[in-house]
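Could you put the whole structure together from the sequences, leaning on the hints where they help?
2 protein chains.
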Amino acid sequence: MLSQTTEYALRAMSHLAYVPDGLVSTGELAEFTKVPSNYLAKVLQLLAKAGLVTGRRGVGGGYRLSRPSDEITMLDVINAIDPIRPIASCPLGLENHSGALCPLHRRLDEAARVVIAMFDGITLKDVLSEPGRARPLCDTEMTKKVELTFDKS
Amino acid sequence: MLSQTTEYALRAMSHLAYVPDGLVSTGELAEFTKVPSNYLAKVLQLLAKAGLVTGRRGVGGGYRLSRPSDEITMLDVINAIDPIRPIASCPLGLENHSGALCPLHRRLDEAARVVIAMFDGITLKDVLSEPGRARPLCDTEMTKKVELTFDKS
Numbered sequence: 001m002l003s004q005t006t007e008y009a010l011r012a013m014s015h016l017a018y019v020p021d022g023l024v025s026t027g028e029l030a031e032f033t034k035v036p037s038n039y040l041a042k043v044l045q046l047l048a049k050a051g052l053v054t055g056r057r058g059v060g061g062g063y064r065l066s067r068p069s070d071e072i073t074m075l076d077v078i079n080a081i082d083p084i085r086p087i088a089s090c091p092l093g094l095e096n097h098s099g100a101l102c103p104l105h106r107r108l109d110e111a112a113r114v115v116i117a118m119f120d121g122i123t124l125k126d127v128l129s130e131p132g133r134a135r136p137l138c139d140t141e142m143t144k145k146v147e148l149t150f151d152k153s
Numbered sequence: 001m002l003s004q005t006t007e008y009a010l011r012a013m014s015h016l017a018y019v020p021d022g023l024v025s026t027g028e029l030a031e032f033t034k035v036p037s038n039y040l041a042k043v044l045q046l047l048a049k050a051g052l053v054t055g056r057r058g059v060g061g062g063y064r065l066s067r068p069s070d071e072i073t074m075l076d077v078i079n080a081i082d083p084i085r086p087i088a089s090c091p092l093g094l095e096n097h098s099g100a101l102c103p104l105h106r107r108l109d110e111a112a113r114v115v116i117a118m119f120d121g122i123t124l125k126d127v128l129s130e131p132g133r134a135r136p137l138c139d140t141e142m143t144k145k146v147e148l149t150f151d152k153s
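Chains as they are written, first to last, in this note's numbering: chain A, 1 to 153; chain B, 1 to 153.
None of the hints are false.
When chains are identical, the list treats them as one kind, so a pair holds in a single copy or across two.
Subject to a maximum C-alpha distance of 20 Å in a straight line, what follows is the list of computed SDA-like cross-link-like pairs (lysine to any residue):
#	residue 1	residue 2
1	145	30
2	125	20
3	34	89
4	34	90
5	144	100
6	49	68
7	144	94
8	34	46
9	125	103
10	34	103
Hints listed in this document are in silico derivations from the structure and should not be mistaken for laboratory results.
Quick look at the structure:
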């Protein structure tokens, strides 16, 4: 339902959240997110355009989050790639539907609103520090590293 | 959240459901669904490939539903265009995530399952004959026509 590009964006944002200090090279990002480099470059461009990441090209360049991970929601990331929009009015512009959506578009609108509610208010920090489960994107080694850095930050 | 193509597919399927007897020309479909003809042709190809519509080219050609509208769910139509899939296992293939999804992918999985539940079991017939609201795709004139044909069928 959410696109592959959106899922990749959430992976990239998660890894950047784990490494809040300094720029992360696209090579490191590709390695830890397991996203193909070319695809990742496109994803990062979209995230930069949406103001969620800041990048610098060239030697020593890379990306970082534009603001702390507890100020970026999952919905922010989703909307940077494929925005979820409620249906405000009849998409066909039918006059006799102007008062209320028809049963078809009402159901599509309801689904959009349910998903928005599921991801709004949930920050990257919330998702990445949820206790008692495998940590997003982290193998055993990365889990230990994140415990020493991200969890103390 | 659901793509524009999916929404167009639901429009096309709705109009075909209203006209269960005979083939509907692509011209008529484009007029009533207000979908651009070229785009509509692409949508119909996807629906035909998924076995939801049957078409015939040439003079007197057109499309019809492959089975009655009470045997086609909204989820069938959605899945013909952009399938909604739960996340069965860690998309990164991490060994230490094999027992359970991490909080990031669990949330994406939950959203997919919620939306599947909202559209599975809801047939086109259900949506098009829901009482008390403007009828999908129908202006005042088409509403009257549908009452005389679809509702009696």
